[in-house]
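Visitor: Read top to bottom, the protein sequences are chains E and C. Adding 115 to a residue's 1-based position in the first sequence gives its number in my numbering. Adding 411 to a residue's 1-based position in the second sequence gives its number in my numbering.
Bear in mind the hints are in silico, worked out from the structure with no lab data behind them. Some hints here could point you the wrong way.
[Claimed, not checked] Some chain E residues near chain C, calculated using beta-carbon distances under 7 Å:
id: 1; residue: Pro298
id: 2; residue: Leu341
id: 3; residue: Ala389
[To be verified] Taking beta-carbon pairs under 8 Å as the criterion, some of the chain C residues facing chain E (in silico):
id: 4; residue: Ile428
id: 5; residue: Gln563
id: 6; residue: Ala711
Ideal Cβ placement from N, Cα and C applies to all residues, glycine included.
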Amino acid sequence: MTESKQFEEQQPQRPSAGGMAPTPTYGGVAQHSGPIADIGEPTELALTWETGVDLKTRSQWQYALRRFLRHRLAMGSLVVLLGILAVAVFAEQIAPYAFDDIDLENINSPPTTQGNHFFGTDMLGRDYFSRVVFGLRTSVWVALVVALLSTAIGTAIGAISGYFGGWVDNLLMRFTDLILTLPGLAILLVAAVYFGAGDPLRVAIILALLFWTGIARVVRGVFLSLREKEYVEAAKASGSGDTRIILRHMLPNTMGPVIVNATLVVAAAILTEAGLSFLGFGIQPPNPALGKLIADGQSEGLKLWWLVTFPGLVIVAIALAINFIGDGLRDALDPTQRRIRA
Amino acid sequence: MLTYIVRRLLYSIPVLIAASFIIFTFVSISSDPLAFLRMQPGVSFDTIDLIAERKHLNDPIPVRYVHWVKEAVTDQFGTTTLGNRPIWPDLTRVMKNTAQLIIAAELIAIFLAILIGVYSAVRQYSAFDYSATTFSFLGLATPNFWLALMLQVLVVNILEKYNIRLFYVSGLSSVDPGEGFRFVLDRAQHLALPVFVLATASIASYSRFMRASMLEVINSDYVRTARAKGLNERKVIMRHAFRNALIPLVTLIALGFGGLFGGAIVTETVFSLDGMGFYFIQAIGEGDPYPVMAWLMITATLIIVFNLIADIVYGILDPRVRYD
Numbered sequence: 116m117t118e119s120k121q122f123e124e125q126q127p128q129r130p131s132a133g134g135m136a137p138t139p140t141y142g143g144v145a146q147h148s149g150p151i152a153d154i155g156e157p158t159e160l161a162l163t164w165e166t167g168v169d170l171k172t173r174s175q176w177q178y179a180l181r182r183f184l185r186h187r188l189a190m191g192s193l194v195v196l197l198g199i200l201a202v203a204v205f206a207e208q209i210a211p212y213a214f215d216d217i218d219l220e221n222i223n224s225p226p227t228t229q230g231n232h233f234f235g236t237d238m239l240g241r242d243y244f245s246r247v248v249f250g251l252r253t254s255v256w257v258a259l260v261v262a263l264l265s266t267a268i269g270t271a272i273g274a275i276s277g278y279f280g281g282w283v284d285n286l287l288m289r290f291t292d293l294i295l296t297l298p299g300l301a302i303l304l305v306a307a308v309y310f311g312a313g314d315p316l317r318v319a320i321i322l323a324l325l326f327w328t329g330i331a332r333v334v335r336g337v338f339l340s341l342r343e344k345e346y347v348e349a350a351k352a353s354g355s356g357d358t359r360i361i362l363r364h365m366l367p368n369t370m371g372p373v374i375v376n377a378t379l380v381v382a383a384a385i386l387t388e389a390g391l392s393f394l395g396f397g398i399q400p401p402n403p404a405l406g407k408l409i410a411d412g413q414s415e416g417l418k419l420w421w422l423v424t425f426p427g428l429v430i431v432a433i434a435l436a437i438n439f440i441g442d443g444l445r446d447a448l449d450p451t452q453r454r455i456r457a
Numbered sequence: 412m413l414t415y416i417v418r419r420l421l422y423s424i425p426v427l428i429a430a431s432f433i434i435f436t437f438v439s440i441s442s443d444p445l446a447f448l449r450m451q452p453g454v455s456f457d458t459i460d461l462i463a464e465r466k467h468l469n470d471p472i473p474v475r476y477v478h479w480v481k482e483a484v485t486d487q488f489g490t491t492t493l494g495n496r497p498i499w500p501d502l503t504r505v506m507k508n509t510a511q512l513i514i515a516a517e518l519i520a521i522f523l524a525i526l527i528g529v530y531s532a533v534r535q536y537s538a539f540d541y542s543a544t545t546f547s548f549l550g551l552a553t554p555n556f557w558l559a560l561m562l563q564v565l566v567v568n569i570l571e572k573y574n575i576r577l578f579y580v581s582g583l584s585s586v587d588p589g590e591g592f593r594f595v596l597d598r599a600q601h602l603a604l605p606v607f608v609l610a611t612a613s614i615a616s617y618s619r620f621m622r623a624s625m626l627e628v629i630n631s632d633y634v635r636t637a638r639a640k641g642l643n644e645r646k647v648i649m650r651h652a653f654r655n656a657l658i659p660l661v662t663l664i665a666l667g668f669g670g671l672f673g674g675a676i677v678t679e680t681v682f683s684l685d686g687m688g689f690y691f692i693q694a695i696g697e698g699d700p701y702p703v704m705a706w707l708m709i710t711a712t713l714i715i716v717f718n719l720i721a722d723i724v725y726g727i728l729d730p731r732v733r734y735d
């Protein structure tokens, strides 16, 4: 994060108390009576004002973190999401049954605490709570892989496009536009049918091949504006190669929008994968997935309302939490937001 | 303006050609139209060879592409591999049904979303604004198919318990829909739930967009000027703010409209509506690439056409936009 340092000197906030603006002395040099600040890490550099107030400088990332921590809705959503992730990770410990345990004495049971069938059972007596917990694991895993893959592809294409410009940019962006003119869900279905989905990893790869376009456009936009910046010029003048400039100097400054987009991709991927699996073209049995569970509920008759309701509620909860977090991140990472009560 | 439209039209042509080539290559390399026939015990090798000959399946992909384009242009996408059924009549029928569905849903959605968005912006941070925001976040996080199923669960259970049939959960019309008013009522009972599902999703995103664009306009200088010269608030909002805030929304709707034709796949499947999405699912289920390619081409064309319309509408509505 070498770039973040450039902001440090710009951001000491002057104490508004007291009429005249005192001149700062860096690192507590001699002429003051206040506590002596130690000069440690550069980001920890403390400014001591003649008024005796200690002020810390913060990097752009520290500001972003503080803004995010103060975003109540986003923080609440983060707690919820971490809880859901924990359930997905510790599925074996949490689920009272295995997801394919058949119990013919307890079929079509509505939700009950008896025998821990919190979400009821289906027509084979399989415990739906356990099925949802394991389905959650599959769905979350797929969504995370999609976010990772599509962010990697999108960032690479966007960075190359924005940095080199000219015919490279033209070619890559025309290609991106072309992908956007194709009906997304239909293309996914064709790919799933003909290349064969079923396996979670394959479903994730197919989804990622369509989801990168948004991130590519965002990264390209940021790169186009960064290309003209003085520090990029300086890096060029001092003989840095293209790869080094892209990776070390420009990429860290696009991280804000990339992180926000990657977060939103997770939510979109969860919803899309649920749709695909629901239609029967996504994840196939024996792998449980939330969308597939809802489809099972549909095929077993709509009178067993619990089979449809609970997996869907879980999907809504995840998507909602992630969207709120994405919103909070967007606000927090926006460097024009200077209204921090720090 | 005219030169701009002509230039955009000309630019759409290579995009369309490129899209058709991608669609054809993508579907052709990934599927074998004869696989299904080969598995049928009653189909002889001669028949399969004949079909392969007729569809030029033994030629390389570029040659097949040329044949396919020729067939698409001169013979309305030709016929299916299985059963030799003409594709175009089926496609136009399902397009008409889908159009009915999405036009109804979009009209309701646009009307409500504008009301919600404007009111949320004018009364920013009010209780109404917060509930509208909550609603739209919920709407964006709810999968369409799940909302559809939950409504079906509700309707089915009400029917079961109280024997009242308010809506139908599948199909476009009853076996005997009747005439005149009864036909319209029957169609409305069938379309009500799918329209509701599609409209909810649209309202969630349009109302957020309308709110944001209205807020931007309300805080602009010319609105302050309008207030300063003594106009009453109603006039300021309706005459000065609202009309300008509408421009981005109109563009957004025009941009997305083409995609809606191919985007109602899940909703149509849940409600078994004989529309584009339902047709598509059946086509890929049968493993026949020709109706799939025809469908993809139609949808891609609609998306490109509505992108064009969005650009033109934007130019007409916003006089600041000048095309050289």
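Visitor: The structure should be examined with respect to each hint, and the outcome stated for every one.
Guide: Quick rundown of the hints versus the structure:
Interface restraint check for E:Pro298: the shortest CB-CB distance to chain C comes to about 3 Å, inside 7 Å, so the restraint holds. Evaluation of the E:Leu341 hint against chain C yields a violated restraint, the C-beta minimum of about 26 Å exceeding 7 Å. The interface hint given for E:Ala389 is met, as the beta carbon of that residue sits about 5 Å from the closest beta carbon of chain C, less than 7 Å. Evaluation of the C:Ile428 hint against chain E yields a violated restraint, the C-beta minimum of about 11 Å exceeding 8 Å.
At its closest, the beta carbon of C:Gln563 sits 5 Å from a beta carbon of chain E; the interface hint therefore holds under the 8 Å criterion. Here the hint on C:Ala711 is kept, as its CB sits about 6 Å from the closest CB of chain E, short of 8 Å.
Violated hints, in rising order: 2 and 4; the structure is consistent with all others.
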